[in-house]
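A.B. asks: In case you want the letters, here they are:
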Amino acid sequence: MMANTQYKAGKANHWRRFLANHLASGLAVASTIIVVAPLVAILLYLIYKGASSLNLNFFTQIPRPVGESGGGMANAIVGSAVLLGLGSLLGVPLGIAAGIYLAEFGRGGRLANFVRFTADVLNGVPSIVMGISVYALIVLPQKHFSALSGGVALGIMMIPTITRTTEEMLLMVPNSIREAALGLGVPNWRSVLSITLKTASPGVITGCMLAFARVAGETAPLLFTAFGNNFWSTSVNEPIAALPLQIYVYAISPYDEWHRLAWAGALVLIVLIVVSVALVRYVTTRGVLKGAS
Amino acid sequence: MSGLPVTSDPASKSPAPANENQPPSAVRSFLLSRGNSAWSDRAFKWLMFICALSVFFIVALIAWQLILRSQLTISKFGLSFFFKSAWDPVSGDFGALPFIYGTLVSSLVALVIAVPLAVGVAVFLTEMCPKFLRGPLSFLTELLAAIPSVVYGLWAVFVLVPILREHVNPFLMKALGWTGLFAGPNFGIGILAAGVILAIMILPIISSLTREVMTAVPHSQREAVLALGATRWEMIRMGVLRNARIGIVGAIILGLGRALGETMAVTMVIGNRPEIVKSLLSLGYSMSSVIANEFSEASDDLYLSALIEIGLALFVVTIIVNALARVLVWAVTRGAPARVV
Chain H
1 MMANTQYKAG KANHWRRFLA NHLASGLAVA STIIVVAPLV AILLYLIYKG
51 ASSLNLNFFT QIPRPVGESG GGMANAIVGS AVLLGLGSLL GVPLGIAAGI
101 YLAEFGRGGR LANFVRFTAD VLNGVPSIVM GISVYALIVL PQKHFSALSG
151 GVALGIMMIP TITRTTEEML LMVPNSIREA ALGLGVPNWR SVLSITLKTA
201 SPGVITGCML AFARVAGETA PLLFTAFGNN FWSTSVNEPI AALPLQIYVY
251 AISPYDEWHR LAWAGALVLI VLIVVSVALV RYVTTRGVLK GAS
Chain R
1001 MSGLPVTSDP ASKSPAPANE NQPPSAVRSF LLSRGNSAWS DRAFKWLMFI
1051 CALSVFFIVA LIAWQLILRS QLTISKFGLS FFFKSAWDPV SGDFGALPFI
1101 YGTLVSSLVA LVIAVPLAVG VAVFLTEMCP KFLRGPLSFL TELLAAIPSV
1151 VYGLWAVFVL VPILREHVNP FLMKALGWTG LFAGPNFGIG ILAAGVILAI
1201 MILPIISSLT REVMTAVPHS QREAVLALGA TRWEMIRMGV LRNARIGIVG
1251 AIILGLGRAL GETMAVTMVI GNRPEIVKSL LSLGYSMSSV IANEFSEASD
1301 DLYLSALIEI GLALFVVTII VNALARVLVW AVTRGAPARV V
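As given, the protein sequences belong to chains H and R, one line each in that order.
So the first sequence is numbered by our numbering: it starts at 1 and just counts up by one.
So the second sequence is numbered by our numbering: it starts at 1001 and just counts up by one.
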């Protein structure tokens, strides 16, 4: 009798565990589907809307006034290129140099930990706060919006990503390579730049491209720095148009024609970013990097 | 490690250790201390040092500027700035409470939606996913992180908001209207819409960090639980999730940090009305979106300073949240550098 109830209890327990197991597995699968669904929805809708309104004019013309159909975002594409170029000029050298310091000189030291922490802090600063700080730093003293200030804001945002990836990649380079270079009588700075950094270069480039892709879509830091411009401008001292900024302005406008252009701009932006991310992933998973590390 | 010229130095006792965890090379530090190039090497080191320090200087400069430019409201309102709900640029009376409320509530909604999903995805990808699916799926979730905020906003305005207005909100009002959380006019835009779009945006961060933490749990833990006759779910619950819980909390806090500072997508769907209403369907305002919307219109110094003080508060809060999260994630992955998300 006693054995029987125990057996029954065991049986019930078994069923409970069996159900819990399958319920949990089902939930995990379901949540994966729920997460992937919006992404696929966003991408498909973007391609559908964007491709139907994308034409040659988009790449060759500047925005038309309200009411006139046509027009494009040529100035915004060029503006984004100028801003990203300025940002890279500031962010890439600074970020790589800070990474070199962390990996080659400050290894494990307290100072290095401190710098690493501030890089993480910088990575977490909201982009809108970056925008108003650069506004206070550069735009207010200069008394006008400028491409330069936008570039500085983007450059600062690139630094943490580049620093951390450079550090990680340099740490993967074996010591024997450094010692071999030094043993041949190469000065240390030369060995760091043309031996260690060169060995790790695929990874470092990956980091730079990740940072690039990240800031390419940033709008908030440009709102009060680059400001946007409806006309051609490549001057660093004047307000300049940027693709994400233009998308934002068009998206919140009440005109269908402008919404159409916003979708086209979003498609161009996404293609740019996805191509660079995919390239990065290709390089890191099966490309040159494996040989280097 | 043969043939190293280390023997030329009588002071160094042993040759450089094996290349396992890469301690600083002894050979290298010896060679650095002498030779013709010592001067240029030192200059190079200092140059790199200055660049590394500049990261700190940039953060300090940002903090200094924010404090300096918000001095006007700090001295006029003091701490009460954060507890007042007045926002009247004309008469110069400013309080940040509605914005703090909007930011907190929309981020909380985002966390409530995103956390279970993110943990589910992480469990699926690390513990039960067939190998051929793992690569493409993790690539897809990474892609979700790469889409710019403004594109999420665009999609939210033209796709998500109509769906919420036509289908989800009426259902919520009918089923859960009695709670008071889903009452009132149904605009489609509002705090709930902002929460949903934020959830989609922070999902990849939480799930990729959770995955990282879960893979850091040693296999012996899983094997021990399985050897006791546990089912797969029991193994995940007892062997993996319990060991990784601190890191998962860290990942969630990091996601919260991202949600608090998110600007463009929220600005486009939250409704931009500085009110404190219980209903999630009502219009709200967030700290970042008030800066984005009103900064360029701020005509007088007090108005500008109020907006910058909101930025300062956002800056301080995200620093605290990020530091907390890093510490928690580090505690689990044992000092391995956290991947930059």
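Honestly, the hints are just simulated from the structure, not real lab data.
Any given hint could turn out to be false.
Example chain H residues on the side facing chain R (calculated, C-beta under 8 Å, incomplete) [said to hold, decoys possible]:
#1 Asn-13
#2 Phe-105
#3 Arg-110
#4 Gly-124
#5 Thr-163
#6 Phe-231
#7 Ile-252
#8 Ser-253
#9 Asp-256
Restricting the straight-line Cα-Cα distance to at most 30 Å, the calculated cross-link-like pairs of lysine-lysine (BS3-like) are [as the list claims (entries may be wrong)]:
#10 Lys-1278(R) - Lys-1174(R)
#11 Lys-1174(R) - Lys-1045(R)
#12 Lys-198(H) - Lys-1076(R)
#13 Lys-143(H) - Lys-1045(R)
From the three backbone atoms N, C-alpha and C, an ideal C-beta is built for every residue, glycine too.
A.B. asks: Could you run down the list of hints and mark each one as holding or not?
C.D. replies: Cross-check of the supplied hints:
1. Hint on Asn-13(H) is violated. Least Cβ distance to chain R is approximately 11 Å, over the 8 Å limit.
2. For Phe-105(H), the interface hint holds, the least distance from its beta-carbon to any beta-carbon of chain R being 5 Å, beneath 8 Å.
3. Evaluation of the Arg-110(H) hint against chain R yields a violated restraint, the C-beta minimum of about 13 Å exceeding 8 Å.
4. At its closest, the beta carbon of Gly-124(H) sits 4 Å from a beta carbon of chain R; the interface hint therefore holds under the 8 Å criterion.
5. For Thr-163(H), the suggested interface contact is upheld, since its CB lies about 7 Å from the closest CB of chain R, less than 8 Å.
6. Because the beta carbon of Phe-231(H) sits about 19 Å from the nearest beta carbon in chain R, more than 8 Å, this interface hint is broken.
7. A distance limit of 8 Å between C-beta atoms decides the matter here; for Ile-252(H) the minimum to chain R is near 6 Å, and the interface restraint holds.
8. Given the 8 Å rule on beta carbons, the hint for Ser-253(H) is violated: about 11 Å separates it from the nearest Cβ of chain R.
9. The interface hint given for Asp-256(H) is violated, since its Cβ lies 11 Å from the closest Cβ of chain R, which is over the 8 Å cut-off.
10. With a CA separation close to 17 Å, the supplied pair Lys-1278(R) and Lys-1174(R) stays within the 30 Å bound.
11. Straight-line distance between C-alpha atoms of Lys-1174(R) and Lys-1045(R) comes to about 67 Å, which puts the hinted pair past the 30 Å bound.
12. At roughly 55 Å between alpha-carbon atoms, Lys-198(H) and Lys-1076(R) are farther apart than 30 Å, so this suggested pair is violated.
13. Taking the CA atoms of Lys-143(H) and Lys-1045(R), the gap is near 38 Å; set against the 30 Å cutoff, the hint is violated.
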